[in-house]
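As given, the protein sequences belong to chains A and B, one line each in that order.
Take 53 as the starting number for the first sequence in the numbering used here and just add one per residue.
Take 375 as the starting number for the second sequence in the numbering used here and just add one per residue.
For the record, the hints were derived by calculation from the structure and aren't laboratory data.
Everything hinted at is true.
Some but not every residue of chain A turned toward chain B, in silico, with C-beta under 7 angstroms:
(1) W116
(2) V136
(3) F167
(4) D170
(5) K179
Per label pair, the in silico range of CB-to-CB distance:
(6) A538(B) x E158(A): 19 to 25 angstroms
(7) L126(A) x Q543(B): 20 to 26 angstroms
(8) R460(B) x A128(A): 23 to 29 angstroms
(9) A128(A) x A521(B): 15 to 21 angstroms
(10) R460(B) x E198(A): 47 to 53 angstroms
Predicted, not measured: the structure shown is a model, and the values here were computed from it.
Where a beta carbon is used, it is the ideal one built from N, C-alpha and C, also for glycine.
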Amino acid sequence: MATKLKLTKDSLSREKKALARFSRFLPTLKLRKTQLFNEIHRIHQDVEAREAELLKVTESVTRWVAVFAAEIDLTAFCAPQGYVVRRENVAGIEIPVLGDVRFQEEPYDLMEQPFWLDAGLQSMKQKILMELELNVLREQLEIISEELRTTVQRINLFEKVKIPQAKENIRKIRIFLGDQQTAGVVRGKLTKGKLTRKRKARAATAQG
Amino acid sequence: MSEYPYLAALLPMLSFGETEFPSSERFLEEAGKWLGEEEFDVLSGTGIGDYTSTDHPLELVAEYCRFERRIRSDIAAYVESRRAGREHKTNAFPTSYLKDTTPLEAEQRLLRLRWDYIAAELNTHHADLHALIVYRLKVQILERLAAFDPERGGDHFRELTDVASIPRQQRAD
Numbered sequence: 053m054a055t056k057l058k059l060t061k062d063s064l065s066r067e068k069k070a071l072a073r074f075s076r077f078l079p080t081l082k083l084r085k086t087q088l089f090n091e092i093h094r095i096h097q098d099v100e101a102r103e104a105e106l107l108k109v110t111e112s113v114t115r116w117v118a119v120f121a122a123e124i125d126l127t128a129f130c131a132p133q134g135y136v137v138r139r140e141n142v143a144g145i146e147i148p149v150l151g152d153v154r155f156q157e158e159p160y161d162l163m164e165q166p167f168w169l170d171a172g173l174q175s176m177k178q179k180i181l182m183e184l185e186l187n188v189l190r191e192q193l194e195i196i197s198e199e200l201r202t203t204v205q206r207i208n209l210f211e212k213v214k215i216p217q218a219k220e221n222i223r224k225i226r227i228f229l230g231d232q233q234t235a236g237v238v239r240g241k242l243t244k245g246k247l248t249r250k251r252k253a254r255a256a257t258a259q260g
Numbered sequence: 375m376s377e378y379p380y381l382a383a384l385l386p387m388l389s390f391g392e393t394e395f396p397s398s399e400r401f402l403e404e405a406g407k408w409l410g411e412e413e414f415d416v417l418s419g420t421g422i423g424d425y426t427s428t429d430h431p432l433e434l435v436a437e438y439c440r441f442e443r444r445i446r447s448d449i450a451a452y453v454e455s456r457r458a459g460r461e462h463k464t465n466a467f468p469t470s471y472l473k474d475t476t477p478l479e480a481e482q483r484l485l486r487l488r489w490d491y492i493a494a495e496l497n498t499h500h501a502d503l504h505a506l507i508v509y510r511l512k513v514q515i516l517e518r519l520a521a522f523d524p525e526r527g528g529d530h531f532r533e534l535t536d537v538a539s540i541p542r543q544q545r546a547d
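Bound conformation, chain A alone (with noise of 0.2 angstroms):
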């Protein structure tokens, strides 16, 4: 329930005060807008970019996929062991950014070993490289996209909302109190009009 607005001067001068916080504070989330707006924008290029590798790893080991189901342990040569992902500020915000992918990776005899297991193990590590790439940008669009959608919302509340409601109160409060001021004057005067008639009215009585 909305509260009712109190026609005073105290409540003129908070209204004041609020109109021009809010006028301060519009400004700033329109830059935040435009900083995160253009955020995402250049992540999604870089996942564009990254999906279009992705695919062409992907097509190009298409080609020769059938290697792969050679009885031969690829883990035993090469095996991820985890990622680091950091926290990065960007545009006030934290997102995650892909550390250090580690891979345990054995030496082997290429005497022993098909010629098609070198070329098998680095596209292994590119497209395992490349996922979790994609999966960090992922998870930044998400997170920069919630963050752009409350500053829209928090701009549409001060534009449309806070900032024509505290006007709209700044006039009724102005107009209520100039009334009153009027009202002030104009009883002044008649108070000032009826003792003016009383002196002449006493001052007549004593004459006559």
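Dock chain B against the given chain A, drawing on the hints supplied.
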């Protein structure tokens, strides 16, 4: 020795790339019924992956091992050079077998090279242990070729590159 013609008569002709052929297991099982223990051991101990038995008492096996060693040495030298960003010209086969081609095509060409070598250089006997060894080598080549299955390979590659199970470590820098 007199049993070889009977066994040879049971075995179907093999040609490179065909998919219908007796498996190594089936072939050895059949051979085991006809061969003596010593001959069977020689037959079952022979394989296209053997490059170390270059002084094998059976010249056929030793000859194949020398050939396999030449191929593998060339492949190893080629891969090492490629890793170092250098060129390597192969001697045992044309460099184009490995260069500017997919790893699958390279493996298929190398298997064809082995097949052709066996057919041209070693296939000089009929219905004896030599012939059975040649047959076994050919079966193994066909098995290797048949193992290159795109569907199973694709599934395995997807499993290998599935990042969902890789441990993630969060770090606040």
